[in-house]
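Undergrad: In this text, residue positions in the sequence shown follow this note's numbering: the first is 120, and each later residue adds one.
Quick caveat, the hints were computed from the structure, so don't treat them as lab data. Glycine residues also receive a C-beta, built at the ideal position from the N, C-alpha and C atoms. Check before you lean on any hint, since a few could be wrong.
What the hints assert, rightly or not - Straight line, CA to CA, 25 Å or less: simulated DMTMM-like cross-link-like pairs of lysine to aspartate or glutamate:
(1) Lys356 x Asp369
(2) Lys296 x Asp228
(3) Lys296 x Asp369
(4) Lys310 x Asp179
(5) Lys223 x Glu233
(6) Lys306 x Glu233
(7) Lys223 x Glu489
(8) Lys306 x Asp179
(9) Lys223 x Asp295
(10) Lys223 x Glu338
(11) Lys356 x Glu233
(12) Lys310 x Asp228
Claimed, not checked - Between beta-carbon pairs, the in silico distance windows are:
(13) Val286 x Gly360: 41 to 49 Å
(14) Lys356 x Gly309: 17 to 25 Å
(15) Gly229 x Val393: 50 to 58 Å
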Amino acid sequence: SLAIGISGFTFFVLNDTVPVSIAVQQIATSSQSFPLLAVPFFVLAGVIMDQGGISSRLVDFVHTLVGHLRGGLLQVMVVSMYLCSGLSGSDTADTAAVGSAMRKSLLRDGYSPERSAAVLAASAAMGATVPPSIAMLVLGSITTVSIASLFLAGFLPALLIMFCLMVLVAFQARRDKASPSPRAGLKAVGKAGAAAVPPLLMPVVLFVGVLFGVATPTEVSTFAVVYGLILAIFAYKALDGRGFVTCLIDSAILSGMILFILAAGATFSWVLTVAYLPQRLVESLLTFDSSASLFLIASIVLLIVTGSILEGLPAMLILGPLLVPMAEQIGVNPLHYSIVILIAMGIGVFVPPVGVGFYIATAVFGTNIEHAARAMLPYFLTLCVGLLLVAFIPWVTLVLPDLFGLAR
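Can you build the whole structure from these sequences, using the hints too?
TA: See the structure below:
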């Protein structure tokens, strides 16, 4: 992000015809979007979920439901990532929260750190499509696609990718002749489920509020913070005054990083536009305008590569406003294509050896990058298969928005 910002400013410094004040204007303009106010609040809510013991209760409940499947704890991690992504909205927060909560259990039960890190990274890649997602908020703010329709469209594609990953985990466990764990009893399921009801109510309330126009995403994000504090301080008594200050500091750092990425990306995007790079990119992709299928495949490859190099959000800021109108011209539904963008960017962030999310996953389990990268290969291929299924079966994305008249 710093390199992107410096590159953008270097253009203005070396170019006598363009005043440096335009760079400042681009930074100011990019940070004045009302939907982006939701970002720091959702980040704070995610940190409170992590440090307030809310995420761990969801993990415990998932363990009672799927812990008996082949691949046991790895299955639990995949499903937990799906559920927790809907709480924090941040891929980084999800990866750290779920990975930290399950690290000791996975290593104690003999799961290798390399495979554990690979499964964590692969399951976190789908987090961008599970509402409320920061990536969705950003994409909705820079394109004509509504945030409510993105929230509605993301559920089933992420569920499909989750299922693909669970199949691979079960296959590997059967190949390794791993013995499944005993199924949890109804009493244990009921007890864990009761503890998980309050955390699960949060995404339901957030989603319903945005979908039915009761509140904007920004207003809903403030409710998430208040609700999380009530659970963490009064219900679970897991957060005191010092812990809350730590949450504020951590969320401020993470929010600052995200907003800095947006500002740097906006400046660099303007520079690229002036240099006619987007136009050349459009011309190269327009060679596929006779075939929507070829356009989807070419843009998916482009999005994964650029998402890996530019850490997702900057790449989406640069390419999103260009590719969504192109897809609509070719005949691809813009909402459907927006979900494809989110998944492809999410995969790019967690692809070794460049994806920054992959480094976070390996750091959580303290494993070697090279070994974890080899373990990641089958999961990367599975993510690509899931993405292609979403890209070429639009029904998966559009069926829920259709029900509410939001599929445009």
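Undergrad: Against each hint, give a clear statement of whether it holds in the structure.
TA: Right, here's what the structure says about each hint:
no.	hint	verdict
1	Lys356 x Asp369	20 Å, holds
2	Lys296 x Asp228	15 Å, holds
3	Lys296 x Asp369	42 Å, violated
4	Lys310 x Asp179	10 Å, holds
5	Lys223 x Glu233	14 Å, holds
6	Lys306 x Glu233	34 Å, violated
7	Lys223 x Glu489	22 Å, holds
8	Lys306 x Asp179	13 Å, holds
9	Lys223 x Asp295	21 Å, holds
10	Lys223 x Glu338	37 Å, violated
11	Lys356 x Glu233	35 Å, violated
12	Lys310 x Asp228	23 Å, holds
13	Val286 x Gly360: 41 to 49 Å	46 Å, holds
14	Lys356 x Gly309: 17 to 25 Å	23 Å, holds
15	Gly229 x Val393: 50 to 58 Å	56 Å, holds
The structure fails to meet hints 3, 6, 10, 11 from the earlier list, while all remaining hints are met.
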